[in-house]
Amino acid sequence: MPRISAIALFAIPEQNTLSVSRYCKSPEQFPAFIGESFGQLGKYLSELDELMTDFPYVAFDREPDGGFTVEAGFTVPRLLPGKDAIKSGAITGGKAVMCMYQGSYGDMKPFYKELQAWCDARGLRQKSRMYEFYYNGPDEVQPEQFLTRVLVTVE
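All residue numbers for the sequence shown refer to this note's numbering, where the first residue is 15 and numbers rise by one.
Keep in mind that the hints are not guaranteed to be accurate.
Below, in silico cross-link-like pairs of lysine-lysine (BS3-like), each with a Cα-Cα straight-line distance of 27 angstroms or less [claimed, not checked]:
#1 LYS57 to LYS141
#2 LYS101 to LYS57
#3 LYS109 to LYS97
#4 LYS39 to LYS109
#5 LYS101 to LYS127
#6 LYS127 to LYS141
#7 LYS97 to LYS57
Across the chosen pairs, the derived CB separations fall in these ranges [what the hints assert, rightly or not]:
#8 ALA135 to PRO91: 32 to 38 angstroms
#9 GLY120 to SER19: 30 to 36 angstroms
#10 ASP98 to GLU169: 19 to 25 angstroms
#11 SER142 to ALA20: 28 to 34 angstroms
#12 GLU42 to GLY107: 29 to 35 angstroms
#13 SER142 to PRO91: 18 to 24 angstroms
#14 VAL168 to PRO91: 24 to 30 angstroms
#15 ARG36 to PRO95: 32 to 38 angstroms
#16 GLN43 to LEU65: 27 to 33 angstroms
Keep in mind that the hints were calculated from the coordinates and are not lab data. Note that the structure is predicted; figures quoted are calculated from it, not measured. Don't be surprised by glycine CBs; every beta carbon is placed ideally from N, CA and C.
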């Protein structure tokens with residue numbers, strides 16, 4: 015089973031972020047963009063002599079034309095200035111549902127359906143986009159071993 019933890023409701027603080035966003039026509043464009051963005055963000059944090067406060071994340075927004083706006087980012091300890099394509103922002107605090115997933119990113123659809131059913135059964139409604147925090151990646155393990163924490167703010 016791809017879900018490897020309980021689905022749970024948490025109270026989370028607002029989390030400052032640095033991120034890069036780009037429109038991608040299809041999911042096949044995600045890996046190159048995400049890898050490039052994580053590299054840019056890591057270099058910039060080194061220039062600032064700062065560290066991430068959590069694992070890297072990605073958030074996806076479906077666009078009316080079927081494409082996606084993809085945000086690749088790092089949570090950071092305080093509000094930091096953006097630079098060029100790197101923007102300063104935040105993940106909104108409040109109630110959030112979280113769960114751990116293990117497996118290929120392409121196989122997450124049933125996991126997301128289970129997460130949505132869990133929220134529906136508790137009367138919780140998605141407040142903002144879903145975030146995927148990546149604990150490892152293709153340069154470290156095979157796709158079936160990818161570990162991903164999913165966070166969605168709810169009301």
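Is it true that SER142 and ALA20 lie within 28 to 34 angstroms of each other by Cβ? violated (22 angstroms)
Satisfaction of the hinted span 18 to 24 angstroms by the C-beta atoms belonging to SER142 and PRO91: Holds, at about 22 angstroms.
Range hint 24 to 30 angstroms (beta carbons of VAL168 and PRO91) holds or violated: For PRO91 against VAL168, whose Cβ atoms are near 25 angstroms apart, the range 24 to 30 angstroms holds.
Note whether the CB distance of GLY120 and SER19 lies within 30 to 36 angstroms or breaks it. violated (20 angstroms)
Is it true that the CA of LYS127 sits at most 27 angstroms from the CA of LYS141? Since the Cα atoms of LYS127 and LYS141 sit roughly 17 angstroms apart, the hinted pair holds (cutoff 27 angstroms).
Between LYS109 and LYS97, is the straight-line Cα distance small enough, at 27 angstroms or below? Since the Cα atoms of LYS109 and LYS97 sit roughly 30 angstroms apart, the hinted pair is violated (cutoff 27 angstroms).
For the hint 32 to 38 angstroms, verify it against the beta carbon of ARG36 and that of PRO95. Once the Cβ atoms are compared, 20 angstroms apart, the range 32 to 38 angstroms for PRO95 and ARG36 is violated.
Is LYS97 close enough to LYS57, meaning Cα to Cα at most 27 angstroms? Since the Cα atoms of LYS97 and LYS57 sit roughly 12 angstroms apart, the hinted pair holds (cutoff 27 angstroms).
Using the C-beta atoms of ASP98 and GLU169, is the stated range 19 to 25 angstroms upheld? At roughly 34 angstroms between Cβ atoms, GLU169 and ASP98 fall outside 19 to 25 angstroms, so the hint is violated.
Given a hint of 27 to 33 angstroms, does the C-beta separation of GLN43 and LEU65 actually sit inside it? Holds: the Cβ-Cβ distance is about 29 angstroms, inside 27 to 33 angstroms.
Are the Cα atoms of LYS57 and LYS141 separated by 27 angstroms or less? Violated, at about 32 angstroms.
Decide if the proposed pair is consistent with the structure: LYS101 and LYS127, CA atoms, cutoff 27 angstroms inclusive. Status violated; Cα separation ~31 angstroms.
Going through the hint list in order, the structure does not satisfy hints 1, 3, 4, 5, 9, 10, 11, 15.
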